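Single-letter residue listing:
There are 2 protein chains.
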Amino acid sequence: MPLFNKVAIVGTGLIGGSIALDLKKKGLCKIIAGVSRHQESLKFAKKTGAIDIGSQSLCVIKDSDLVILAAPVSAIKEKARRIAEIISKDCIVFDVASTKEEIVSLLDPLFPRFVGAHPIAGSERKGIKNARPGLFKDSICILTSTKRTDALALNKIKKLWLELGAKVVLMKPQAHDRILAFVSHMPHVAAFALINSVPSDCLGLAPNSLKDTTRVASSDSGLWSDIILSNKKNVITAVKVLENKISDIKKSLLRNDRKHLIKILNQAKARRDLLNASNPT
Amino acid sequence: MPLFNKVAIVGTGLIGGSIALDLKKKGLCKIIAGVSRHQESLKFAKKTGAIDIGSQSLCVIKDSDLVILAAPVSAIKEKARRIAEIISKDCIVFDVASTKEEIVSLLDPLFPRFVGAHPIAGSERKGIKNARPGLFKDSICILTSTKRTDALALNKIKKLWLELGAKVVLMKPQAHDRILAFVSHMPHVAAFALINSVPSDCLGLAPNSLKDTTRVASSDSGLWSDIILSNKKNVITAVKVLENKISDIKKSLLRNDRKHLIKILNQAKARRDLLNASNPT
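Order-wise, the sequence lines are chains C and P. Heads up: take any position in the first sequence, counting from 1, add 126, and you land on our numbering. Heads up: take any position in the second sequence, counting from 1, add 126, and you land on our numbering.
For reference, chain C alone in the conformation it holds in the complex (with noise of 0.2 angstroms):
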């Protein structure tokens, strides 16, 4: 049974178009409209089904009881404004950027119907070429809330992503932006880093070792400079850990000292290990 009737899909690439592909294949909408600053995005989308009708103006969003806000984050910032002066008081809206603290707070006041969203289920890859059905199957969506949320709308855009197949959790959009600083901004900082430290010449060799722990440095760099900068505070804190980390490192090798060493690195492996249970995939 259909969720909703018109949904608009600000900004078709990788997230918003895997939610559109899905909101049609589950039939949880009737209609789609899609905007896209990109024509080539929105005429993609259109031939993979996962929009009925593209536009490069916001007009098209007018009558939707659905937004998902799934633009860069500087453009949902630029648009926000006019999004709301177009769409009714009722319209439920949702944004899926990967920090919530800021845009949470941007977006909350503007938007009576306001819940913030974000599916844990990017990759480095980007665009609408890159989105598929199923990509939200067993990801984990957070979504947030504030003093100000509406619980109807809270418990619909829950019903809307455990029929995508994540799992949703609940927390406040500062909860969120600590522990993603830690389990998501601090790895990327640290593939960064890495893949930059390895001399030209030693690239050749690279085993998996390398590869798997630098993947995600082939991210997209605009968005994922706004991501870090955006959570700015949190990610200097868990950097400053992840530094200390490194640095106990350093110094057992400097004062030879297999026995801390061992220590470390089983702590390491229990803890890696612990991933493994949790999360089988």
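Check before you lean on any hint, since a few could be wrong.
No distinction is drawn between identical chains; accordingly, a pair holds when it is met within one copy or between any pair of copies.
[Claimed, not checked] No farther apart than 16 angstroms at their CA atoms in a straight line, the calculated lysine to aspartate or glutamate pairs in the EDC-like style are these:
| id | residue 1 | residue 2 |
| --- | --- | --- |
| 1 | K252 | D399 |
| 2 | K169 | D191 |
| 3 | K132 | D216 |
| 4 | K151 | D276 |
| 5 | K203 | D383 |
| 6 | K359 | D383 |
| 7 | K293 | D189 |
| 8 | K173 | E211 |
| 9 | K358 | D374 |
| 10 | K358 | D383 |
| 11 | K156 | D178 |
It is worth saying that the hints were derived from the structure and are not from the lab. Fair warning: this is a prediction, and the values are worked out from it, not measured in the lab.
Guided by the hints, dock chain P onto chain C, whose structure is given.
Just chain P, lined up with the frame of chain C:
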């Protein structure tokens, strides 16, 4: 056609066992003797057909024309003299240790026909139970040569690794250790530090970025303590470069320098994309 008559493998673990399975499958020798401290490993190796004879005693390596040293470095150091006493001067010997300068300088004077080898095909798993034929297919095997190296022995070992499907790269032990510090040991140090930096209450929300960047943190603690300690000088140099690169990103965040951040991330993406191009796996 068999390259060898009797091959002895000292250390029937992941690497030793996988070499044995391939030697057998490809008919590269007539008989394989396995030595291990662990009775269970020998039993398992015999059951899977990796070895013909298994023993906890080194005596079983007598009359081999090839001895493969695939035990942990500490065990090799301990047993090297005893092995040299048992085998003939014509017997070719190679090790498979992950660092080369220390072990080669020790073994080179002991065995007249010694070659240093490092098949870059390990895994965070270890033990004969994870051994499999084809482990080295399309991998890289680095062979090291010194002034002492016997050219015919080197050629025969090169032939063996080519038969196992590896691409063979030749270099000095010193060059090997410098490169491996950057492409393997430093990424391991980063992975150990990364997973130890994540607060326990955040681990349940680990996305693929954290899983991939830390996969190798599940590696064996004793083995990896020995590897990075034995290549201490180069690893510390590499880790210092990493620390500078991390600090550079942190400083860009502190001064809100999006332009410099994008430059760093673009460089990272360009370098990481190179690995995809050159190594399609």
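Notebook entry, point to check: Which hints from the list above does the structure break, by number from lowest to highest?
Noted result: Failing hints, ascending: 2, 4, 5, 7, 8.
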